[in-house]
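These protein sequence lines map, in sequence, to chains A and B. Here my numbering is used: the first residue of the first sequence is 40, the next is one more, and so on. Here my numbering is used: the first residue of the second sequence is 16, the next is one more, and so on.
Hints were generated in silico from the structure; no laboratory data involved. Don't take every hint at face value.
Non-contacting residues of chain B with respect to chain A, defined by C-beta distances greater than 12 angstroms in every case (computed) [to be verified]:
id, residue
1, GLY32
2, ALA37
3, ALA51
4, VAL74
5, GLY101
Straight-line C-alpha distance at most 27 angstroms; calculated BS3-like pairs for lysine-lysine [stated by the list, open to error]:
id, chain 1, residue 1, chain 2, residue 2
6, B, LYS46, B, LYS26
7, B, LYS26, A, LYS48
8, A, LYS48, A, LYS298
9, B, LYS52, B, LYS26
10, A, LYS49, A, LYS63
11, B, LYS46, A, LYS49
These numbers were taken from a predicted model, which means no experiment stands behind them. Where a beta carbon is used, it is the ideal one built from N, C-alpha and C, also for glycine.
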Amino acid sequence: MTELLVGTKKGLFVLEGEPGAPFKIIERGFAGEPVEYAMRDPRTGRILATMTSPFYGPKIFYGENGEWEQATGVQLPEGGEAALERIWVIVPGEDGSLYAGGDPGVLFESRDGGASWELNRTLWEHPTRPDWQPGGGGLCLHSIAPWPGEPDKLAVAMSAVGVWLTDDGGETWSHGNEGIRPRYLPEDAPDTINLCVHDLQRAPKRPERLFMQFHGGVYRSDDAGRSWSNIGEGLPSDFGFPLVVDPADPDSAYVIPLKADMDRVTPEGHVRVYETRDAGATWAPRGDGLPAEHAYLTVLREAFDRRGEGDALELYFGATSGDVFGSADAGASWFSAATRLPPVFSVRTG
Amino acid sequence: MAVVLLRGPLKTLADGGVHRIAGATVGELLKELERAKPPLDGWILDERDRIRRHINVFVNGERGDADTPVSSDDQVDVLPAISGGGA
Numbered sequence: 040m041t042e043l044l045v046g047t048k049k050g051l052f053v054l055e056g057e058p059g060a061p062f063k064i065i066e067r068g069f070a071g072e073p074v075e076y077a078m079r080d081p082r083t084g085r086i087l088a089t090m091t092s093p094f095y096g097p098k099i100f101y102g103e104n105g106e107w108e109q110a111t112g113v114q115l116p117e118g119g120e121a122a123l124e125r126i127w128v129i130v131p132g133e134d135g136s137l138y139a140g141g142d143p144g145v146l147f148e149s150r151d152g153g154a155s156w157e158l159n160r161t162l163w164e165h166p167t168r169p170d171w172q173p174g175g176g177g178l179c180l181h182s183i184a185p186w187p188g189e190p191d192k193l194a195v196a197m198s199a200v201g202v203w204l205t206d207d208g209g210e211t212w213s214h215g216n217e218g219i220r221p222r223y224l225p226e227d228a229p230d231t232i233n234l235c236v237h238d239l240q241r242a243p244k245r246p247e248r249l250f251m252q253f254h255g256g257v258y259r260s261d262d263a264g265r266s267w268s269n270i271g272e273g274l275p276s277d278f279g280f281p282l283v284v285d286p287a288d289p290d291s292a293y294v295i296p297l298k299a300d301m302d303r304v305t306p307e308g309h310v311r312v313y314e315t316r317d318a319g320a321t322w323a324p325r326g327d328g329l330p331a332e333h334a335y336l337t338v339l340r341e342a343f344d345r346r347g348e349g350d351a352l353e354l355y356f357g358a359t360s361g362d363v364f365g366s367a368d369a370g371a372s373w374f375s376a377a378t379r380l381p382p383v384f385s386v387r388t389g
Numbered sequence: 016m017a018v019v020l021l022r023g024p025l026k027t028l029a030d031g032g033v034h035r036i037a038g039a040t041v042g043e044l045l046k047e048l049e050r051a052k053p054p055l056d057g058w059i060l061d062e063r064d065r066i067r068r069h070i071n072v073f074v075n076g077e078r079g080d081a082d083t084p085v086s087s088d089d090q091v092d093v094l095p096a097i098s099g100g101g102a
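Just chain A, same shape as in the assembly:
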């Protein structure tokens, strides 16, 4: 049985099912409210959900079995000029901690299972912050990549402020942007930190390797995120949002190309996931069972996830159309897990 936590424009949907057939909705939470992200922490069993009420602002809730508590500390320092706009992602750390990333370019850490959170002040007060610019979705810190077994090492990515690396638990941060070439700037533009990363994922078995979906470009780093090589050759489009890796294979990555930044839908109305098993040297379409025509889907950056690894790798993604698709064979074939949900913001396996 596989559990999916689906954050939508109209609440959280908890789905369960056997891969290969439609899943059942077993719980709906925060009815009517936008749930941007939800995940289950495997260490505590808790679900953590981020919800930004248009009336009451962004919150993190945690709970089990439909009983929710509001987390504390999810705010910026009082009396400043900025307010928290949204929490984009929550990721387990390596030493029992949890990290949350949000807008405006902020990182929070929890050491009590998500009940209370503390803002990372060095990133918040970074001297380059006045130069940071938001992407289309805001100034969002959307990707957090811990280093297996090394709790002080972390890579995070922001739209549109590039990749940030820490080796000391977030006390200091350095930039990791060498080799990224943004096509939305003139070719002779000077180096910039205004780099619109869409997603960042680490290969757990070779943690110095990271994959990135950029705003035009798919990149790989083999030096822990300090420098990057474009590996987007062979894709129908190198624009897209989410990226997933197979934890068993550091040469693997999956992306879902969208036509272009000016037309953010699946190319030619054909839904396909693309897979590499050679670290980006070649890409192969994986679309058996996915809509092959008249399907102009948009898949957002947190709406693609996996469960298991290797031959048992399951893949799941949701679209703003309200569809959720799954694969129980590492992308070789696909099935419809859910239809007619509200627009899907995030998909995470439980």
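Once you have looked at the hints, place chain B on chain A.
For chain B alone, coordinates are given in the frame of chain A:
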């Protein structure tokens, strides 16, 4: 002290819909209300102490803002605005 009337989730968080709170302005009043009722913290005012964009405040039936003066026995309604409820 003015009377603050809450509805919906704010009423639940504040453990009641009617609250007598002291303050010279709407902003002071709401700050004191969030202080007196910690579960409300951040729901009406953001970190800048600004009333959230899609919350409306009425003083004795007239639309007010954070700087609107409040007198003893005034009635302050805190309501979600229709502007926040897009499809």
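- For which of the previously enumerated hints does the structure constitute a violation, in increasing order of number? 5 and 11
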